[in-house]
Amino acid sequence: MAKNLTPVWNKIAKHAMLPETTHDERARYNFLSNLNKHLAHVAQGNKTAYENRVEPNFKKEHNRSIETKEELQNAISSDSHYQIWSSLRRSTMEMRQQAGRSIVLRQAEELRDKAEKLNKGKSTLVLNPDVKVPEYLMAVDNHIMPGSYHTELIQGDVTPAANYDSGIFVTTAGTIGRYSDGGGKAITTWVRQNYPDFKPKRILDIGCGMGHNVLPIAKAFPDAEIIAIDTGAPMLRYGHARAVDLGYNNVTFMQMDAAKTIFEDESFDWIQSTMFFHETGGKSIYKIMNEVHRLLKPGGLTLHIEQPQYTDDMSLFEKFMRDWDALNNSEPYWSKMHDIDPAELMESSGFRREDFMQIGAKAENDLIEGGNDENEPEDYGRAPIWNVFGAVKN
Amino acid sequence: MEEKLDYIKLASNKSKGKRPYFHDDPAVERVLNITMALAGELAVARERMDSIERLLEKKNIVTREEIENFVPETPEQEEQRQTWHSEYISRVLRIVQQEMEEMENPDKSLEEIANDINEM
Chain A
1 MAKNLTPVWN KIAKHAMLPE TTHDERARYN FLSNLNKHLA HVAQGNKTAY
51 ENRVEPNFKK EHNRSIETKE ELQNAISSDS HYQIWSSLRR STMEMRQQAG
101 RSIVLRQAEE LRDKAEKLNK GKSTLVLNPD VKVPEYLMAV DNHIMPGSYH
151 TELIQGDVTP AANYDSGIFV TTAGTIGRYS DGGGKAITTW VRQNYPDFKP
201 KRILDIGCGM GHNVLPIAKA FPDAEIIAID TGAPMLRYGH ARAVDLGYNN
251 VTFMQMDAAK TIFEDESFDW IQSTMFFHET GGKSIYKIMN EVHRLLKPGG
301 LTLHIEQPQY TDDMSLFEKF MRDWDALNNS EPYWSKMHDI DPAELMESSG
351 FRREDFMQIG AKAENDLIEG GNDENEPEDY GRAPIWNVFG AVKN
Chain B
1 MEEKLDYIKL ASNKSKGKRP YFHDDPAVER VLNITMALAG ELAVARERMD
51 SIERLLEKKN IVTREEIENF VPETPEQEEQ RQTWHSEYIS RVLRIVQQEM
101 EEMENPDKSL EEIANDINEM
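Protein chains in written order, with my numbering: chain A, 1 to 394; chain B, 1 to 120.
I should point out that these hints are in silico values taken from the structure, not numbers from a laboratory. A few of these clues could be false.
[Stated by the list, open to error] Derived list of chain A stretches under chain B, where covered just means 3 residues or more per stretch with a C-beta under 8 Å from a C-beta of chain B:
no., stretch
1, 28-34
2, 39-51
3, 80-89
4, 147-157
5, 203-217
On a predicted model such as this, the values are computed, not experimentally measured, just so you know. Don't be surprised by glycine CBs; every beta carbon is placed ideally from N, CA and C.
Isolated chain A (complex conformation):
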């Protein structure tokens, strides 16, 4: 499409758990995905503002360049373009949450009942009310989603997941596909291409959320036993019901903290996470990686899809822009995790440095309109292009 428009919301994949939407609710989502795309263009003005007036003004005043992120933050905060872009972006994210929650909360009971019907009597959903939601999740509402993943407004609530499912298509403007599974698809393709003889019998997905990224793995390895864990009961109830309705029967959703699972040593062939670690915490990330190492069989594979790490050749400006979402769209650990060297993180858990690998991944998309045009500006932190790190355990 010439104008590289975002796909209309009704292109989202339909399944029994997807919340009912009225005409106006769909229109609101269409407005918001268009607004998101528009703001990616407005964001380009930040670089112009930085180069043409923020940095020159700083130099004039201090007789030197901006040297730290803090200095950059201070200097750019009073720039009028940065101000209007920031406030529009924040406002758009708040509107997206409001739009999603107003859809799902009005039908909370109906959604709960639908999930209960699909989940009833299934051994592939294992909830454990004794599992504590980790402190790092209690401390913040990730992506300014009020109540985060775990809050239950009614008994058996699934609304956090229904909001997430219906809205991620809007936030990403369709760039990760109709099932929002572009990450899971990309990693599956990569594994099949690079390890054609790999026949995993047991696969663990950690921090699975509503399970959107584990399903492509389950599809590619139908004979494998797949376990997807998360601490958020609403996500698991919804994710399991969604998977059942979509015809999957080889994924078991379990409520569990990735830092202290109940599984035996060396019991998995593949351990995967997708956009998970940046929503953990500074100490937990090491505990979870220790657990990954403990659970992985010798010769087993572990891969983690994440936002790009900061490198020495990345400009201060780009680092600052990438941090914008961390602080202003509430993903605070992201701003700290950037500074961890994933190779060191894995080595500290027992992986060998020579077994460490790092690759790039781009979302696979089943939508014609969702493709990211090469001429589209890079919207830091939103582009469906990720860093994957991992290792084979030896």
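Following the hints, put chain B in place on chain A, whose structure we already have.
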């Protein structure tokens, strides 16, 4: 029977953590947020009207259910609708684009131009 959720109030809850403000005066932020919400609702009303018009055109008889369930039926309709949104947003945020253009090509003030012209 569980008490129904107050979904209207709950839908607009704030998230954890102090809300960031970006303008020098928080009142600017407040007015901007209200304005953008209105902008969104106009887009919603426009999309609804678009559906009604298309349905009227198509059938000459329109039911509530038909309007409620209408989604674009062809790639052309999808493109037209998304184009409308794209144009609409660009129109509402005109000043932001103009400020970017000014940043890229700093311009003279009209007083300066008047002085220039005075010499022409």
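A quick look at each hint next to the structure:
1. 28-34: holds (count 5)
2. 39-51: holds (count 5)
3. 80-89: Three-residue rule met by the stretch 80-89 of chain A, so holds; n is 9.
4. 147-157: holds (count 5)
5. 203-217: The restraint on the stretch 203-217 of chain A is violated, since only 0 of its residues have a Cβ under 8 Å from chain B and three are required.
Hint 5 from the earlier list is the only one contradicted by this structure; the remaining hints agree with it.
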